[in-house]
Amino acid sequence: MINNKKTAILVVDMLNDFVTGALKCDRGLAIVPQTAKLLKAAHENGVKVIFCNDAHIKGIDHELKLWGEHAMAGTEGAKVIPELEVSESDYIVPKRRYSGFFHTDLDLLLNELGVDTLIMTGLHTHMCVRHTTADAYQLGYNIIVASDATNSFTEEDYVSGLKYLKEVYDAKICTVDELIKEMK
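Quick note on numbering: the sequence shown equals residues 162 to 345 in our numbering.
Check each hint, because a few of them may be wrong.
Taking lysine to any residue and the SDA-like style, the derived pairs with C-alpha atoms no more than 20 Å apart in a straight line are [stated by the list, open to error]: (1) 198 <-> 164; (2) 219 <-> 263; (3) 324 <-> 336; (4) 226 <-> 314.
What the hints contain is simulated information worked out from the structure, not anything from laboratory work.
Taking the hints into account, I'd like the entire structure generated from these sequences.
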(Lines of atoms letter the chains of each structure in order from A and count residues from 1; the text may use other names and numbers.)
(Lines give C-alpha, C1' and ligand atoms only; values in the text may rest on other atoms or scores of the structure.)
Protein backbone atom coordinates (compact mmCIF):
# COMPACT_ATOMS: atom_id res chain seq x y z
CA MET A 1 0.00 0.00 0.00
CA ILE A 2 1.29 3.45 -0.91
CA ASN A 3 1.54 5.99 1.89
CA ASN A 4 0.07 8.96 0.01
CA LYS A 5 1.61 11.53 2.36
CA LYS A 6 5.14 10.18 1.84
CA THR A 7 4.91 9.56 -1.92
CA ALA A 8 5.54 11.81 -4.90
CA ILE A 9 5.16 11.22 -8.61
CA LEU A 10 8.08 12.47 -10.68
CA VAL A 11 7.06 13.34 -14.23
CA VAL A 12 10.26 13.44 -16.27
CA ASP A 13 10.47 15.49 -19.48
CA MET A 14 6.88 15.24 -20.66
CA LEU A 15 7.51 18.43 -22.58
CA ASN A 16 6.38 19.73 -25.94
CA ASP A 17 9.83 19.21 -27.48
CA PHE A 18 10.01 15.59 -26.29
CA VAL A 19 6.49 14.56 -27.26
CA THR A 20 5.74 16.59 -30.40
CA GLY A 21 8.69 18.94 -31.05
CA ALA A 22 12.46 18.96 -31.60
CA LEU A 23 13.05 15.49 -30.10
CA LYS A 24 9.61 14.13 -30.95
CA CYS A 25 8.94 10.65 -29.64
CA ASP A 26 5.81 8.95 -30.96
CA ARG A 27 6.10 6.46 -28.11
CA GLY A 28 5.82 9.45 -25.77
CA LEU A 29 2.36 10.12 -27.13
CA ALA A 30 1.37 6.58 -26.20
CA ILE A 31 1.87 7.19 -22.47
CA VAL A 32 -0.02 10.48 -22.25
CA PRO A 33 -3.47 9.00 -21.38
CA GLN A 34 -2.11 6.75 -18.62
CA THR A 35 0.09 9.51 -17.23
CA ALA A 36 -2.88 11.91 -17.14
CA LYS A 37 -4.97 9.24 -15.41
CA LEU A 38 -2.27 8.71 -12.77
CA LEU A 39 -1.87 12.45 -12.13
CA LYS A 40 -5.64 12.87 -11.75
CA ALA A 41 -5.69 10.09 -9.15
CA ALA A 42 -2.68 11.62 -7.39
CA HIS A 43 -4.42 14.98 -7.12
CA GLU A 44 -7.59 13.31 -5.80
CA ASN A 45 -5.65 11.29 -3.21
CA GLY A 46 -3.12 13.81 -1.92
CA VAL A 47 -0.05 12.39 -3.66
CA LYS A 48 2.43 15.10 -4.60
CA VAL A 49 3.30 15.67 -8.27
CA ILE A 50 6.66 17.05 -9.34
CA PHE A 51 7.58 17.79 -12.94
CA CYS A 52 11.31 17.42 -13.64
CA ASN A 53 11.76 19.40 -16.84
CA ASP A 54 14.67 20.05 -19.13
CA ALA A 55 15.26 23.80 -19.27
CA HIS A 56 18.46 24.30 -21.23
CA ILE A 57 20.53 27.43 -21.66
CA LYS A 58 21.37 28.21 -25.28
CA GLY A 59 25.01 27.74 -26.23
CA ILE A 60 26.03 26.57 -22.77
CA ASP A 61 24.52 23.24 -21.72
CA HIS A 62 26.77 20.25 -22.35
CA GLU A 63 23.82 18.04 -23.32
CA LEU A 64 23.05 20.24 -26.35
CA LYS A 65 26.25 19.08 -28.05
CA LEU A 66 24.83 15.58 -28.25
CA TRP A 67 21.12 16.25 -28.76
CA GLY A 68 20.97 19.68 -30.37
CA GLU A 69 18.71 22.46 -29.16
CA HIS A 70 15.65 21.20 -27.31
CA ALA A 71 13.60 22.32 -24.33
CA MET A 72 15.32 25.68 -24.20
CA ALA A 73 14.42 27.56 -21.01
CA GLY A 74 11.50 29.93 -21.51
CA THR A 75 10.33 28.44 -24.83
CA GLU A 76 7.14 26.56 -25.72
CA GLY A 77 9.28 23.46 -26.27
CA ALA A 78 10.26 23.47 -22.58
CA LYS A 79 6.66 23.56 -21.35
CA VAL A 80 4.77 20.52 -20.07
CA ILE A 81 2.44 19.12 -22.74
CA PRO A 82 -1.06 20.60 -22.38
CA GLU A 83 -2.66 17.19 -21.86
CA LEU A 84 -0.95 16.92 -18.46
CA GLU A 85 -2.09 20.32 -17.14
CA VAL A 86 0.18 21.40 -14.32
CA SER A 87 -1.95 22.01 -11.21
CA GLU A 88 -1.39 24.83 -8.72
CA SER A 89 -0.46 22.17 -6.16
CA ASP A 90 2.23 20.66 -8.41
CA TYR A 91 5.91 21.54 -8.38
CA ILE A 92 8.26 22.13 -11.31
CA VAL A 93 11.97 21.46 -10.98
CA PRO A 94 14.00 22.67 -13.98
CA LYS A 95 17.01 20.55 -14.90
CA ARG A 96 19.92 20.96 -17.30
CA ARG A 97 21.14 17.36 -17.32
CA TYR A 98 19.53 13.94 -17.59
CA SER A 99 18.89 13.57 -13.85
CA GLY A 100 16.23 15.55 -12.05
CA PHE A 101 18.55 15.62 -9.02
CA PHE A 102 21.82 16.80 -10.61
CA HIS A 103 22.45 20.36 -9.38
CA THR A 104 18.74 21.00 -8.74
CA ASP A 105 16.79 21.45 -5.52
CA LEU A 106 14.72 18.26 -6.03
CA ASP A 107 16.18 16.42 -3.02
CA LEU A 108 15.65 19.47 -0.80
CA LEU A 109 12.04 19.77 -1.99
CA LEU A 110 11.34 16.07 -1.39
CA ASN A 111 12.86 16.23 2.09
CA GLU A 112 10.79 19.28 3.00
CA LEU A 113 7.67 17.52 1.71
CA GLY A 114 8.45 14.43 3.82
CA VAL A 115 8.66 12.14 0.78
CA ASP A 116 10.41 8.78 0.96
CA THR A 117 8.87 7.01 -2.06
CA LEU A 118 8.98 8.10 -5.70
CA ILE A 119 6.78 6.95 -8.56
CA MET A 120 8.72 7.44 -11.78
CA THR A 121 6.99 8.42 -15.02
CA GLY A 122 8.01 10.07 -18.27
CA LEU A 123 10.68 9.99 -20.94
CA HIS A 124 13.08 8.28 -21.52
CA THR A 125 13.15 5.07 -19.48
CA HIS A 126 16.74 4.29 -20.43
CA MET A 127 18.03 7.86 -20.09
CA CYS A 128 16.47 10.68 -18.05
CA VAL A 129 14.18 8.40 -16.03
CA ARG A 130 17.14 6.07 -15.44
CA HIS A 131 19.53 8.81 -14.31
CA THR A 132 16.91 10.41 -12.06
CA THR A 133 16.20 6.97 -10.57
CA ALA A 134 19.91 6.34 -10.04
CA ASP A 135 20.26 9.49 -7.97
CA ALA A 136 17.04 8.75 -6.08
CA TYR A 137 18.36 5.30 -5.20
CA GLN A 138 21.72 6.71 -4.06
CA LEU A 139 19.84 9.17 -1.84
CA GLY A 140 17.78 6.39 -0.24
CA TYR A 141 14.34 6.83 -1.81
CA ASN A 142 12.02 3.88 -2.42
CA ILE A 143 11.34 3.63 -6.14
CA ILE A 144 8.28 2.56 -8.08
CA VAL A 145 8.11 2.78 -11.87
CA ALA A 146 4.78 3.21 -13.65
CA SER A 147 5.47 0.88 -16.58
CA ASP A 148 2.68 2.24 -18.77
CA ALA A 149 3.55 5.87 -17.99
CA THR A 150 7.21 5.63 -19.08
CA ASN A 151 8.65 5.03 -22.52
CA SER A 152 11.66 5.49 -24.79
CA PHE A 153 12.48 6.08 -28.44
CA THR A 154 12.47 2.31 -29.10
CA GLU A 155 10.91 -0.79 -27.54
CA GLU A 156 14.40 -2.15 -26.92
CA ASP A 157 15.45 0.98 -24.99
CA TYR A 158 12.19 0.91 -23.01
CA VAL A 159 12.47 -2.77 -22.04
CA SER A 160 16.18 -2.57 -21.20
CA GLY A 161 15.51 0.58 -19.18
CA LEU A 162 12.81 -1.07 -17.07
CA LYS A 163 14.98 -4.16 -16.56
CA TYR A 164 17.89 -2.01 -15.41
CA LEU A 165 15.74 0.01 -12.98
CA LYS A 166 14.39 -3.19 -11.43
CA GLU A 167 17.67 -5.09 -11.22
CA VAL A 168 20.03 -2.27 -10.21
CA TYR A 169 17.80 0.09 -8.18
CA ASP A 170 15.31 -2.44 -6.78
CA ALA A 171 12.47 -0.52 -8.41
CA LYS A 172 9.00 -1.98 -8.08
CA ILE A 173 7.39 -2.06 -11.53
CA CYS A 174 3.62 -1.45 -11.57
CA THR A 175 0.95 -0.35 -13.98
CA VAL A 176 -0.95 2.90 -13.52
CA ASP A 177 -4.12 0.98 -12.60
CA GLU A 178 -2.25 -0.97 -9.91
CA LEU A 179 -0.83 2.27 -8.49
CA ILE A 180 -4.23 3.96 -8.42
CA LYS A 181 -5.67 1.03 -6.46
CA GLU A 182 -2.83 1.37 -3.93
CA MET A 183 -3.51 5.12 -3.52
CA LYS A 184 -7.10 4.65 -2.37
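Is the Cα-Cα distance between residue 324 and residue 336 20 Å or less? 15 Å, holds
What's the verdict on residue 219 and residue 263, does the C-alpha distance respect the 20 Å limit or exceed it? 19 Å, holds
20 Å limit on alpha-carbon distance, applied to hinted pair residue 226 and residue 314: Within the cut-off at roughly 19 Å; holds.
Is the hinted pair residue 198 and residue 164 satisfied, with a Cα-Cα distance of at most 20 Å? Measuring from Cα to Cα gives roughly 19 Å; hence the hint holds.
The structure fails none of the hints (numbered hints given earlier).
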